[in-house]
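Novice: Chains S and E, in that order, give the protein sequences.
Sequential numbering from 36 applies to the first sequence in the numbering used here.
Sequential numbering from 110 applies to the second sequence in the numbering used here.
It is possible that some hints are incorrect.
[As the list claims (entries may be wrong)] Below, in silico cross-link-like pairs of lysine-lysine (DSSO-like), each with a Cα-Cα straight-line distance of 30 Å or less:
hint, chain 1, residue 1, chain 2, residue 2
1, E, Lys146, S, Lys45
2, E, Lys374, E, Lys603
3, E, Lys276, E, Lys439
4, E, Lys357, S, Lys42
5, E, Lys357, E, Lys418
6, E, Lys586, S, Lys45
7, S, Lys42, E, Lys603
8, E, Lys439, E, Lys357
9, E, Lys586, E, Lys357
10, S, Lys43, E, Lys374
11, E, Lys415, E, Lys274
12, E, Lys603, E, Lys186
13, E, Lys357, S, Lys45
14, S, Lys42, E, Lys146
15, S, Lys42, E, Lys374
16, E, Lys146, E, Lys357
17, S, Lys43, E, Lys586
18, S, Lys43, E, Lys439
19, E, Lys357, E, Lys603
[To be verified] If the Cβ cut is set under 7 Å, some of the chain E residues that face chain S in the computed set are:
hint, residue
20, Leu120
21, Ser122
22, Arg134
23, Leu158
24, Lys276
25, Phe402
26, Ala620
[Claimed, not checked] Covered, in the sense of this in silico footprint (three residues per stretch, anywhere, with C-beta under 8 Å from a C-beta of chain E), are these stretches of chain S:
hint, stretch
27, 64-74
28, 82-89
Worth flagging that the hints you see were computed from the coordinates, not collected in a lab.
Heads up, the beta-carbon is just placed ideally off N, CA and C, and yes, glycines get one too.
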Amino acid sequence: MTSPLDKKLKITGPVLVTANRTRDGAVIYRTGDGGWTTEFGRAHVVTSAPAATELLQAAIADDLGAVGAYVAPVSMQADGSRRPGNLRERIRLAGPTIEMPIASGEPVAVGI
Amino acid sequence: MYIYDELDRTLLSERVSEFRGQVARRLSGDLTEEEFKLLRLQNGVYLQLHAYMLRIAIPYGTLATPQLRMLAHVARKYDRGYGHFTTRTNIQYHWIKLEQLPNAMADLASVGMHGMQTSGNNVRNITTDQWAGVTPDEIEDPRVWAEVIRQHVTLHPEFSFMPRKFKIAVGSASHDRAALRIHDMALRLHRNGAGELGFEVMVGGGLGRTPFLAQTIKQFLPTRDVLSYVEAVLRTYNQFGRRDNIWKARIKILVHDLGPEAFAKEVEAEWLPIKDGQLVLDPAVVAEIRSRFQYPDYERLEDSPKELKDARAADERFSQWVDNSVSNHKVPGYAIVTMSLKPEGGTPGDCTAEQMDAIADLADRYSFGEVRVGHEQNLALPHVAQRDLYALWRGLDRVGVATPTVGLVSDIISCPGLDYCSLANARSIPLAQEITRRFHDINLARDLGRLHINISGCINACGHHHVGHIGILGVEKNGEEFYQITIGGRADEKARLGTLIGPAVRYGEVADVVEDIVAAYLELRARPDEIFLETVERIGVEPFRERVYAAR
């Protein structure tokens, strides 16, 4: 199996590291203090390949807490806020783009 | 309905205990994800975009009502109140938590259900005609043979680590409702000139990145030899299938590279030494398996009873539904009812726990406690007395599974796409929903007649887009969703792959393109009863291309 670390990272803008939480599969983001958060706004954003590699290495090393860590793009908005950098990441953050069959139950999205 | 024995129950119980231990070791850190991944996949547990996904096998698409109620219970207790029926007649839960999976599996095992071989490079759930055992156009119930094979290949060590997954379908009706030719291996039951039962054996079908239709490698295989021949095919594939490239690992590539004749020779060489050995099917074994398929104690009834005629005359909506969703049964006075999981604006194949419970209640009351799942992502009740159709319809209509569009333009087959799936490049479900809204006029849909739209959110083709009358494939270009459109595909006994009609279009244009294709069909059809597929086959793709792309 090819590790994400075997691939040379090409960073062209701000990125973060994301994964799924081991115990329940929830979408999580790597924080600057070496932990994980379900809140997108608290994710640690970096802009260089060495920094992204370092963030990813540390994330992958936490095999117990997270599954399938990878680097994902972030889009910085004019007002300084950030958004996921592509549709896949927007869906992971906000949940399916469709109305769910059941209105009740747990919120689909985690974080902001 | 198939009745499991003590062996089945013990196997499932042991499997749940084993998986419970594996999950505990994963959560405590004794197993790494790399070690655990294979183990979870062997139990149908994937990791998708938002959560883990549990896929449960529904062998040959047959469900007893206690099983359906258990699926509702699992949806309610461990997921988000619904499940998704797939194109392989399985059900998936998209929001399951790893820490709760062992309990969910234990609950499922209590009714004989599991996720074994719904993932991994083994023989997957064996599918068949959802009308098996009740349709007038079949030779005999193909599920007996699906079960014979299922028992042989379940946890078979030699076939647990093949080059890639292996999908088998079995059919025995003149009209193919099991999409035989798109399977790795398909067995079609028929009689030879001497009146003996046997199988036409087809291999090497499959969609995905390189689509092929299965080729016939044996015209007539006596039923007694089915296990040895399946074994010979699997061994040949195991030996020669490619393991160096995941995109070339399916048997379709091997059959294509060798050619069907050369592949058949290899199988024959593998088969002859084992043909008359231990795998010869003992008629007593087949009889024993057949005896565990229990059929209802049908009443002696007449077709088209007065109750049905009166109800049809009194209620137009009901009559419309009968025309669309009720099919002939082999027993006089009975009918097969298809329940649509394709409401306008809904997600194809999704079914809520409340719907499952309601369907189970109605099945107990009107269908001898049996429900079927078809690859078109609809459900069926196989044993409904025609006199009960009106009462049944009212119950189905109340829970939203009586949309009278089965086989019509809104009966869309769709994979979960990028809204759920980690493999997808583009969304499928919202496109399906938009198309059903565009064609909400039932009179237009009926005028269009049989028209199958299939949507896949990536090249893996879980939505079977290659064999849709209109096929839609999502791709990603520079971070944007684009869709390739094919027309003229079909998955039945005249299976063929669709043809691309032009450049890929953007997400926002897809429903417009479908409308334009339909408008072109209405203009080009030779007569009102020439269905879309016949028009495409008569005049080819070019007239559609011209009309659809002229303004783009």
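Novice: Now look at each hint and say whether the structure bears it out.
Specialist: Status of each hint after checking the structure:
Between the alpha carbons of Lys146(E) and Lys45(S) the distance comes to roughly 28 Å, so the proposed pair stays at or under 30 Å and holds. Under the criterion of a C-alpha separation no larger than 30 Å, the hint pairing Lys374(E) with Lys603(E) is consistent with the structure, at around 26 Å. A C-alpha spacing of about 29 Å is found between Lys276(E) and Lys439(E), which places the hinted pair at or below 30 Å, so the restraint holds. Our distance criterion of 30 Å between C-alpha atoms is met by Lys357(E) and Lys42(S), whose separation comes to about 23 Å.
Our distance criterion of 30 Å between C-alpha atoms is broken by Lys357(E) and Lys418(E), whose separation comes to about 56 Å. Among the hinted pairs, Lys586(E) with Lys45(S) is consistent with the structure: their alpha-carbon atoms are about 18 Å apart, no more than 30 Å. Taking the CA atoms of Lys42(S) and Lys603(E), the gap is about 45 Å. The hint is violated against a cut of 30 Å. A C-alpha spacing of about 43 Å is found between Lys439(E) and Lys357(E), which places the hinted pair above 30 Å, so the restraint is violated.
About 24 Å separates the Cα atoms of Lys586(E) and Lys357(E), which keeps this hinted pair within 30 Å; it holds. With a CA separation close to 46 Å, the supplied pair Lys43(S) and Lys374(E) exceeds the 30 Å bound. For the proposed pair Lys415(E) and Lys274(E), the alpha carbon gap of about 51 Å is over 30 Å, so the pair is violated. In summary, the hint linking Lys603(E) to Lys186(E) is not supported, as the alpha carbons are separated by about 43 Å, beyond the 30 Å threshold.
Between the alpha carbons of Lys357(E) and Lys45(S) the distance comes to roughly 28 Å, so the proposed pair stays at or under 30 Å and holds. Restraint check for Lys42(S) and Lys146(E): satisfied, since their Cα atoms lie roughly 21 Å apart, inside the 30 Å limit. Using a Cα cut-off of 30 Å, the hinted pair Lys42(S) and Lys374(E) is violated, with the two alpha carbons roughly 43 Å apart. The hinted pair formed by Lys146(E) and Lys357(E) meets the criterion: a straight-line CA distance of about 22 Å does not exceed 30 Å.
A hinted pair counts as satisfied when its Cα atoms are at most 30 Å apart, and Lys43(S) with Lys586(E) qualifies at roughly 22 Å. The hinted pair formed by Lys43(S) and Lys439(E) fails the criterion: a straight-line CA distance of about 63 Å is larger than 30 Å. A C-alpha spacing of about 26 Å is found between Lys357(E) and Lys603(E), which places the hinted pair at or below 30 Å, so the restraint holds. A hinted interface residue such as Leu120(E) counts as satisfied when its beta carbon comes closer than 7 Å to some beta carbon of chain S; here the least separation is about 27 Å, so the hint is violated.
Annotation: Ser122(E) was flagged as interfacial toward chain S, and the flag is violated, the nearest CB pair being 25 Å apart, outside 7 Å. Against a cut-off of 7 Å between C-beta atoms, the interface hint on Arg134(E) is violated, since the closest Cβ of chain S lies about 11 Å away. A distance limit of 7 Å between C-beta atoms decides the matter here; for Leu158(E) the minimum to chain S is near 5 Å, and the interface restraint holds. Of the supplied interface hints, the one on Lys276(E) is violated, with its beta-carbon coming no nearer than about 24 Å to a beta-carbon of chain S, more than 7 Å.
For Phe402(E), the shortest C-beta to C-beta distance to chain S is roughly 33 Å, which exceeds 7 Å, and the interface hint is violated. At a threshold of 7 Å, the smallest CB-CB gap from Ala620(E) to chain S is about 15 Å, leaving the interface hint violated. Given as covered by chain E, the stretch 64-74 of chain S fails the check, having 0 residues with a CB less than 8 Å from a CB of that chain where 3 are the minimum. Beta-carbon proximity to chain E at under 8 Å applies to 0 residues in the stretch 82-89 of chain S; the threshold of 3 is not reached and the given coverage is violated.
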